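Peer 1: As a plain string of letters, each chain reads:
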Amino acid sequence: MAKHKTPLLDQLESGPWPSFVSDIKQEIEHRYANPKGVDFQVPAECPDDLLGLLELSYVDGETHWKHGGIVGVFGYGGGVIGRYCDQPQKFPGVAHFHTVRVAQPSGMFYTTKFLRDLCDLWELRGSGLTNMHGATGDIVLIGTSTPQLEEIFYELTHKMGNDLGGSGSNLRTPACCLGESRCEYACYDSQELCYQLTQQYQDELHRPAFPYKFKFKFDGCSLGCVAAIARSDMSFIGTWRDEIRVDQKIVAAYVGGEFAPNAGAHSGRDWGKFDIQKEVVDLCPSGCMRYEGGKLEINNKECVRCMHCICVMPRALKIGNDRGLSILIGAKAPILDGPQMGSLTIPFIKAEAPYDNLKEFVESVWDWWMEEGKNRERIGETLKRLGFARLLEVTGTTADPRHVQEPRHNPYIFWKEEDVKGGWQREISDYRSKHQR
Amino acid sequence: MAKHKTPLLDQLESGPWPSFVSDIKQEIEHRYANPKGVDFQVPAECPDDLLGLLELSYVDGETHWKHGGIVGVFGYGGGVIGRYCDQPQKFPGVAHFHTVRVAQPSGMFYTTKFLRDLCDLWELRGSGLTNMHGATGDIVLIGTSTPQLEEIFYELTHKMGNDLGGSGSNLRTPACCLGESRCEYACYDSQELCYQLTQQYQDELHRPAFPYKFKFKFDGCSLGCVAAIARSDMSFIGTWRDEIRVDQKIVAAYVGGEFAPNAGAHSGRDWGKFDIQKEVVDLCPSGCMRYEGGKLEINNKECVRCMHCICVMPRALKIGNDRGLSILIGAKAPILDGPQMGSLTIPFIKAEAPYDNLKEFVESVWDWWMEEGKNRERIGETLKRLGFARLLEVTGTTADPRHVQEPRHNPYIFWKEEDVKGGWQREISDYRSKHQR
Amino acid sequence: MAFISSGYNPEKPMQDRITDIGPQHFSKFLPPVIAKNKGAWDYHEIVEPGMLMHVGLSGDKVFTIRCGGARLMSITNIRELCDIADKYCGGHLRFTTRNNIEFMVTTLEDAKALKADLTSRKHTGGSFKFPVGGTGAGVTNIVHTQGWVHCHTPATDASGTVKATMDVVFEEFTNMRLPAPVRISMACCLNMCGAVHCSDIAILGIHRKPPIIDHENLDNVCEVPLAVAACPTGAIRPTKIEYQGKQINTVAVKNERCMFCGNCYTMCPAMPLSDRDGDGIALMVGGKISNRITKPTFSKVIVPFIPNEPPRWPTMTKVIKKILDTYAGDAHKYERLGDWANRIGWERFFEKCELEFSHHLIDDFRDPAYYTWRQTTQFKF
Amino acid sequence: MAFISSGYNPEKPMQDRITDIGPQHFSKFLPPVIAKNKGAWDYHEIVEPGMLMHVGLSGDKVFTIRCGGARLMSITNIRELCDIADKYCGGHLRFTTRNNIEFMVTTLEDAKALKADLTSRKHTGGSFKFPVGGTGAGVTNIVHTQGWVHCHTPATDASGTVKATMDVVFEEFTNMRLPAPVRISMACCLNMCGAVHCSDIAILGIHRKPPIIDHENLDNVCEVPLAVAACPTGAIRPTKIEYQGKQINTVAVKNERCMFCGNCYTMCPAMPLSDRDGDGIALMVGGKISNRITKPTFSKVIVPFIPNEPPRWPTMTKVIKKILDTYAGDAHKYERLGDWANRIGWERFFEKCELEFSHHLIDDFRDPAYYTWRQTTQFKF
Ligand code: SRM
Ligand code: SRM
Ligand code: SRM
Ligand code: SRM
Ligand code: SF4
Ligand code: SF4
Ligand code: SF4
Ligand code: SF4
Ligand code: SF4
Ligand code: SF4
Ligand code: SF4
Ligand code: SF4
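Chains as they are written, first to last, in the working numbering: chain A, 3 to 439; chain B, 3 to 439; chain C, 214 to 594; chain D, 214 to 594.
Think of the hints as simulated: they come from the structure by calculation, not from any bench.
Accuracy of the hints is not assured; some may be wrong.
[What the hints assert, rightly or not] Straight-line alpha carbon distances no greater than 25 Å define the calculated DSS-like cross-link-like pairs of lysine-lysine that follow:
no.	chain 1	residue 1	chain 2	residue 2
1	A	Lys-303	A	Lys-251
2	A	Lys-352	D	Lys-593
3	B	Lys-320	D	Lys-274
4	A	Lys-7	B	Lys-436
5	C	Lys-508	A	Lys-280
6	D	Lys-546	B	Lys-275
7	C	Lys-593	B	Lys-280
8	D	Lys-335	B	Lys-7
9	B	Lys-361	B	Lys-376
10	B	Lys-297	D	Lys-546
11	D	Lys-565	D	Lys-535
12	B	Lys-161	D	Lys-241
13	B	Lys-297	C	Lys-593
14	B	Lys-320	D	Lys-249
15	C	Lys-565	D	Lys-508
16	A	Lys-320	C	Lys-508
17	A	Lys-352	C	Lys-508
18	C	Lys-274	A	Lys-320
19	A	Lys-436	B	Lys-68
20	B	Lys-5	A	Lys-436
Fair warning: this is a prediction, and the values are worked out from it, not measured in the lab.
Produce the entire structure from the sequences given, and follow the hints as far as they go.
Peer 2: Listed below in structure tokens is the structure:
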């Protein structure tokens with residue numbers, strides 16, 4: 003039986019959506035029942051006290067967690083977020099309540115074996131509560147004590163063959179969409195690239211050497227199912243540079259009503275008969291399509307690969323064959339300079355193992371940022387401060403109209419001395435010889 | 003005969019466009035011929051030396067004018083731009099070469115009497131060269147000497163009943179489109195309002211009391227023929243708030259090809275038969291039009307009064323009857339903070355004599371800017387620095403979604419203490435009573 | 214409880230140490246049909262809400278049942294998921310990027326049975342354990358953060374606001390009747406751990422009181438220059454005060470300059486911001502991430518503040534519901550929420566959603582603010 | 214030459230002084246048909262290039278002949294205009310906001326005669342004195358500034374670049390065959406005295422060398438703190454140097470920080486920038502002012518530098534012609550130049566106009582720069 007009365011939280015047990023309160027309560031019960039007789043390494047009442055503390059926050063309208071403490075495992079600068087509660091007497095079970103970030107497999111497919119092992123580990127050495135998954139992508143194990151950290155790490159690496167994820171001024175745990183594994187839109191193997199770069203940059207991930215955090219995210223296509231463009235300092239987003247493959251017969255079948263448009267994504271409402279002109283051609287952002295005489299024509303040269311037409315008729319329209327990805331730099335949340343999305347830096351690059359071209363690019367970017375970035379300055383902020391052209395320069399990228407949505411509005415160009423005939427050294431006496439005071 | 007050889011400038015005499023070189027040459031000849039025997043108060047060779055000096059600039063690729071000097075007429079802080087040449091020995095005729103800004107009549111209609119008087123004045127007391135008109139709107143008389151300034155001012159005011167225009171940290175000479183005088187699109191009398199505010203603020207115009215320059219411009223409608231939105235600190239732009247008046251019969255006549263679309267503005271090329279759907283309905287930015295069954299329907303509630311449909315069919319479509327204007331604040335050229343256009347501050351206000359409502363608004367804006375504006379800070383920059391909401395506050399304007407193109411992207415709201423329940427005074431001891439360290 | 218060693222020897226931390234191995238390679242976890250058809254999928258179809266069918270070029274089919282879950286999840290819950298996966302899916306399952314759970318089977322019958330099984334499971338409190346849905350043009354799971362469950366800076370709770378919201382919009386999770394997908398995100402402070410800044414609807418915890426300064430401890434727990442440098446508006450300056458007869462180094466905050474970002478607290482524990490009355494919720498809308506039709510865009514703040522009303526935040530959920538319903542009734546097919554608002558104009562958005570506009574919604578943060586003001590006479594009355 | 218007094222007495226400046234009278238009221242200058250129909254016009258028509266007809270609700274008609282002119286205009290030229298106005302227009306004429314001259318008559322016959330008369334008048338050098346045109350979907354007069362004719366900060370000449378350009382695009386002045394009006398503007402330095410920042414095509418004089426410092430005189434002719442404060446990039450700092458054995462106060466410029474705005478020179482004459490090789494032209498395109506269809510927008514820099522090539526700037530005019538012709542051939546009816554470029558994408562704009570893109574065209578001035586970069590994967594190869 004739970005120690006604490008939680009009348010406010012109890013109100014979150016009703017309603018259709020899975021109740022985290024009910025779930026924690028079942029963990030509390032399970033923990034007190036302890037059918038397998040586990041010798042819990044953190045207090046059995048840990049989830050119980052968490053609920054109690056949370057109830058107190060619901061009463062007070064304020065958090066009861068203290069400002070983080072620096073804890074971790076030997077040799078790593080991240081992977082653990084230290085946490086202590088500010089009412090340890092009342093809630094001893096959560097006096098220490100650190101989280102452990104466990105590196106997730108690319109695409110977040112699991113075997114039940116792996117998950118059960120993790121549950122066993124976390125039952126023994128933690129609160130039994132998790133986040134599946136954290137916002138960056140890690141498996142987040144919430145609630146353990148300092149002495150357990152090395153033990154957890156040891157078991158994780160030795161028994162499960164898995165590492166911790168990132169935190170601090172590191173490379174953060176990279177994440178990807180499921181891509182080729184179950185998606186016909188994938189333009190490259192987002193999982194494999196995610197994995198390979200994660201392995202390549204283990205040192206950057208575990209040992210803080212950056213001005214601030216740095217995130218990689220990998221979207222297989224421009225639909226952005228892992229939201230790379232919004233929340234990764236470097237976003238890898240799949241695309242192609244040849245032609246959308248069109249099967250006119252199947253287009254006709256869509257027009258004829260044989261297949262539901264957009265794979266049935268809108269089937270919950272009667273939107274009327276499918277109208278290819280209105281629903282596809284007219285919505286194409288580049289206006290590069292025509293439907294005439296029962297034939298869909300795409301002027302691929304003008305297509306901006308937004309994927310809309312493909313989404314509407316996935317059986318008929320397919321991504322191109324000459325595939326690769328775009329790289330965008332600088333996405334981040336608003337703190338401090340305001341929000342940023344990634345800015346297109348490499349419009350197109352091939353993405354094939356062993357990905358040397360990509361690694362070279364990554365490293366040229368980091369070299370620059372580590373050299374010039376200020377403390378706690380995300381690369382997007384460095385970019386704003388030093389100018390986008392600087393990034394192109396240090397990465398050996400040729401400036402291209404694709405780098406801008408539109409050219410600059412102001413004529414404030416920082417010319418360099420070598421650009422200017424005759425250089426900058428001038429004598430006032432020469433000037434005065436032509437221009438009296 | 004001209005004193006100076008001008009081989010470079012001479013090349014600008016050919017070609018179809020009126021040659022300023024040829025024109026100056028005719029003035030040089032006229033001046034040397036001096037048929038009326040005018041006792042020139044500035045050297046007869048003034049235009050001749052100007053051409054010579056300009057040729058020197060064409061050779062050198064550099065200006066030969068010195069940094070301005072402070073000259074003017076007694077009691078005024080503006081209206082004259084001092085100018086001296088940096089080769090006075092070679093070009094004595096332009097050793098002094100100040101410009102005089104003369105306030106133009108609203109809409110720049112003239113009688114030949116007025117212009118001839120001005121020419122006579124400027125023949126006697128100046129170079130005989132002008133700009134019709136300066137970029138702000140003034141009649142600009144270019145080239146006279148310091149002793150002539152008071153004389154010119156005296157004759158201008160006494161004989162011609164006209165004043166100087168603005169320069170310096172003043173209200174600058176207001177300007178307007180011709181508006182109601184010859185335009186069916188005018189939503190208010192831009193000339194009259196321009197005149198009335200000019201008269202009302204003579205003191206602000208002539209005696210610098212502002213942080214920096216301040217410009218008024220008056221467009222009779224959103225087509226912007228005096229470019230108010232781009233280059234006036236306060237732009238008055240006509241609009242209406244009821245309905246576009248439609249004469250369906252004439253619409254039909256346009257569709258039938260009886261009248262040229264857009265009043266014939268595109269008649270130089272064969273654009274094919276007029277297509278009301280494509281040329282009007284589909285281009286309406288608010289998508290609020292329909293053409294069906296030979297009838298043009300406008301959902302006026304959704305119309306953003308861009309004027310496109312009216313421009314295309316001026317005989318059939320007319321501006322609404324409930325007219326007034328929008329006020330936008332802050333337009334300026336890029337120096338220093340980058341370019342700005344006016345930001346919509348008063349979506350709609352009536353503009354009827356004696357315009358007290360408008361004057362009240364103007365003064366509330368000035369009071370604020372004079373209080374808070376830094377030296378050499380345009381009001382658009384003050385706005386950026388202190389926030390748009392501040393302007394609304396000081397002018398007693400209620401915040402409205404029309405003030406923004408879209409709401410803020412960042413949650414960095416400057417709450418005020420009175421907004422927040424319980425105020426801001428808090429004791430750390432109270433906090434600690436709930437939150438241990 | 215007795216300390217059980219994993220084998221780790223604190224005396225010799227480097228002994229047998231395994232580091233830098235990263236995650237397991239994903240290929241170890243793929244269901245066979247997925248592994249086989251990887252990179253060779255032909256098309257997909259949403260058979261019914263929460264049920265996807267992907268067809269390989271090989272002709273193989275995989276049916277995916279997607280179900281929602283609270284991201285804050287117990288191991289008991291995970292073990293139940295494993296039981297289900299063992300029963301139906303040969304011991305495989307996955308999680309989506311929005312914290313849904315996906316089970317994959319190879320026949321429609323299995324898919325239907327699985328769906329029935331999942332929807333039959335309920336918590337004792339009455340909520341579904343594994344509601345099926347979250348596909349297509351509907352609302353899917355809310356991406357969220359820690360809130361009062363784990364973080365030190367939240368201005369509201371995450372799990373609670375999410376539960377309250379999902380309950381209210383639940384019908385849209387199990388139906389696909391919206392004009393386009395609507396992605397709701399939640400972050401409990403301005404750090405915005407999530408894609409709240411690019412979401413159709415975003416719930417954001419905000420503070421509204423400047424930090425309280427714990428003068429007594431400040432100099433011991435943080436470096437004054439770092440605290441000063443933390444403030445993006447320059448509201449903090451170093452100062453000395455007399456405290457219990459002693460001169461101590463501390464900081465002073467110019468309250469009028471504070472915009473409650475909490476960055477000072479991140480850098481200095483002696484400057485807490487949270488406050489029952491000061492804290493609450495801001496709502497943002499109109500962001501998106503996909504490049505489909507329109508470009509990715511930021512979310513915009515449309516309600517500057519709603520007080521915290523635990524446990525169910527009724528004012529907040531009412532506004533969200535109103536926005537969602539208005540959008541559903543008014544937008545074009547395929548039109549994301551922000552694209553709808555842009556098309557009708559934000560003046561109409563506020564009107565139709567019956568929201569009050571206030572000066573708080575006008576950007577005043579740095580130079581880019583200008584670009585959100587209106588530099589045209591195009592507007593609607 | 215003998216001094217002729219106007220009547221002004223320098224000993225008693227206030228005697229009989231008339232001040233603050235402003236301009237004359239415009240009603241004194243209106244032609245009768247204009248005065249009569251003011252505020253009651255019904256519609257207009259462009260009868261032929263350069264000839265407008267406005268019809269009043271009264272049924273009255275007024276025909277306007279618009280002709281171009283060099284804005285730098287002699288009184289001889291103005292007197293000729295007056296002669297024409299006296300002959301045809303009852304002594305009335307007007308100037309437009311783009312420095313064209315307009316003559317108004319009340320019959321079509323008079324209009325035709327007047328047009329014929331105007332186009333017959335030529336300067337001795339061969340150019341038209343009063344070319345008729347500038348209406349409708351064409352190029353009208355170029356709004357410009359002083360240049361080497363009068364100003365102290367220009368990086369190029371105004372009248373010359375304008376004449377050279379108008380000669381090259383003259384056909385578009387007298388025809389109405391472009392997709393929409395094209396407004397060309399010119400400003401001779403970054404102060405941009407004109408609407409260059411919002412023009413379809415803009416010619417802009419720019420400097421590219423940092424100021425030369427006239428150490429010897431600086432402290433006498435300007436205030437060091439003002440010079441320092443003038444610099445938007447903080448490139449200027451106060452310093453002391455030894456000059457001819459004396460310590461003098463002056464400034465030093467960090468050249469790498471200079472973006473050649475010239476604001477220092479505006480504030481301090483001892484810091485001239487102009488230089489034959491450093492100075493030249495930047496071209497901008499795609500700005501507009503009217504709210505018709507699309508919103509007003511800024512011009513964008515598309516050629517960062519073209520050397521000054523007086524007297525006819527052939528490289529510059531070639532680029533302008535190429536842009537104009539490409540636009541004319543490619544844009545939709547009613548589509549302004551910038552709207553065309555936005556529709557086809559700037560990558561296509563550069564390709565079609567055969568312009569080189571360089572890093573100079575990527576904004577790097579302050580925070581708003583970010584908003585001009587590309588935050589989408591939508592682009593064209
Ligand atoms: C656990 C997690 C939220 C969650 O509930 O899922 C999280 C939790 C914290 N984040 Fe975060 N962030 C988490 C993903 C994110 C994301 C999303 C992402 O990575 O895709 C973002 C937005 C994207 C970005 O990076 O900009 C994010 C932006 C921040 C920021 C703002 C950084 C910025 O530059 O704007 C901070 C503040 C800071 O770094 O000082 C922050 C700081 C924090 C801290 C460490 C609090 C602090 O001030 O020190 C939080 C610890 C909470 C706790 O006690 O557990 N967190 N944080 C996420 C990591 C889990 C995981 O590893 O999977
Ligand atoms: C004469 C004129 C150009 C012309 O050839 O027509 C002109 C000429 C000068 N302008 Fe201007 N401006 C003139 C209209 C403009 C306009 C256009 C307008 O008013 O519509 C602008 C852009 C709009 C605006 O105000 O932002 C303009 C923006 C500037 C600026 C930049 C101000 C800014 O805040 O961005 C400066 C620099 C300054 O004030 O120090 C400037 C400064 C100057 C100075 C006084 C040079 C200086 O640095 O002191 C020029 C004197 C030139 C001379 O020797 O004759 N002038 N100036 C225009 C005034 C004539 C008239 O009264 O009708
Ligand atoms: C499973 C998942 C990827 C993963 O690795 O986990 C996924 C899977 C699919 N997405 Fe996604 N998307 C997933 C997150 C996202 C996200 C990320 C997010 O929301 O945080 C986005 C960006 C959202 C945004 O723009 O704000 C996203 C934007 C899309 C879109 C673009 C929708 C639009 O109208 O803009 C499509 C295209 C479509 O729906 O036809 C798409 C299409 C798809 C398809 C149809 C791809 C395919 O062929 O299999 C998949 C099924 C869609 C469905 O559920 O209706 N997916 N998708 C993610 C499921 C999340 C969930 O549990 O609900
Ligand atoms: C005479 C003048 C006003 C004045 O007070 O002097 C004027 C007069 C007219 N304008 Fe204008 N506009 C005049 C400067 C402007 C300007 C200002 C500028 O260019 O600096 C603009 C803004 C330009 C811009 O957007 O960048 C301007 C944008 C328009 C437009 C919108 C065109 C568009 O496609 O965006 C129209 C509508 C139209 O052309 O149908 C218009 C329409 C008109 C009409 C048809 C109004 C009417 O019913 O009489 C007049 C004749 C147009 C023609 O010439 O084809 N007027 N017009 C100006 C003539 C300048 C010249 O000599 O060429
Ligand atoms: S981002 Fe593209 S490739 Fe990846 S899952 Fe989404 S739709 Fe598929
Ligand atoms: S992918 Fe997008 S841009 Fe390309 S043809 Fe399809 S709808 Fe048009
Ligand atoms: S701004 Fe409008 S009212 Fe004024 S002249 Fe132009 S079209 Fe006519
Ligand atoms: S004025 Fe513009 S917005 Fe209004 S109906 Fe006409 S075209 Fe549409
Ligand atoms: S959003 Fe803020 S309060 Fe919530 S988890 Fe992230 S840092 Fe903590
Ligand atoms: S909350 Fe932000 S703005 Fe306020 S004092 Fe702290 S750092 Fe500065
Ligand atoms: S643009 Fe510059 S150089 Fe030209 S007149 Fe204006 S201030 Fe002088
Ligand atoms: S030209 Fe501009 S940027 Fe360069 S030193 Fe002078 S003020 Fe500074």
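Peer 1: Take the hints in turn and mark each one as holding or not.
Peer 2: Against the structure, the hints:
With a CA separation close to 23 Å, the supplied pair A:Lys-303 and A:Lys-251 stays within the 25 Å bound. For the proposed pair A:Lys-352 and D:Lys-593, the alpha carbon gap of about 17 Å is at most 25 Å, so the pair holds. At most 25 Å may separate the alpha-carbon atoms for a hinted pair to count; B:Lys-320 and D:Lys-274 meet this at roughly 18 Å. For the hint pairing A:Lys-7 with B:Lys-436, the CA-to-CA distance comes to about 19 Å; that is within 25 Å, so the pair holds.
A distance of roughly 20 Å separates the Cα atoms of C:Lys-508 and A:Lys-280; the hinted pair therefore holds under the 25 Å criterion. The suggested pairing of D:Lys-546 with B:Lys-275 holds, with an alpha-carbon distance near 12 Å, which does not exceed 25 Å. Between C:Lys-593 and B:Lys-280 the CA atoms are separated by roughly 23 Å; this keeps the pair inside 25 Å, and the hint holds. As the CA atoms of D:Lys-335 and B:Lys-7 are separated by approximately 22 Å, the hinted pair is consistent with the 25 Å bound.
A C-alpha spacing of about 23 Å is found between B:Lys-361 and B:Lys-376, which places the hinted pair at or below 25 Å, so the restraint holds. A hinted pair counts as satisfied when its Cα atoms are at most 25 Å apart, and B:Lys-297 with D:Lys-546 qualifies at roughly 23 Å. Straight-line distance between C-alpha atoms of D:Lys-565 and D:Lys-535 comes to about 9 Å, which keeps the hinted pair within the 25 Å bound. Of the pairs offered as hints, the one joining B:Lys-161 and D:Lys-241 holds, with about 15 Å between alpha carbons and a cut-off of 25 Å not exceeded.
As the CA atoms of B:Lys-297 and C:Lys-593 are separated by approximately 23 Å, the hinted pair is consistent with the 25 Å bound. Restraint check: the Cα-Cα separation between B:Lys-320 and D:Lys-249 comes to about 20 Å, which is no more than 25 Å; the hinted pair holds. With a C-alpha separation of about 24 Å, the suggested pairing of C:Lys-565 with D:Lys-508 holds against the 25 Å cut-off. Taken as a hint, the A:Lys-320 and C:Lys-508 pair is honoured in the structure, with Cα atoms around 21 Å apart against an allowance of 25 Å.
Between A:Lys-352 and C:Lys-508 the CA atoms are separated by roughly 23 Å; this keeps the pair inside 25 Å, and the hint holds. For the suggested pair C:Lys-274 and A:Lys-320, the alpha carbons sit about 18 Å apart, so the restraint of at most 25 Å is met. With a CA separation close to 12 Å, the supplied pair A:Lys-436 and B:Lys-68 stays within the 25 Å bound. Taking the CA atoms of B:Lys-5 and A:Lys-436, the gap is near 20 Å; set against the 25 Å cutoff, the hint holds.
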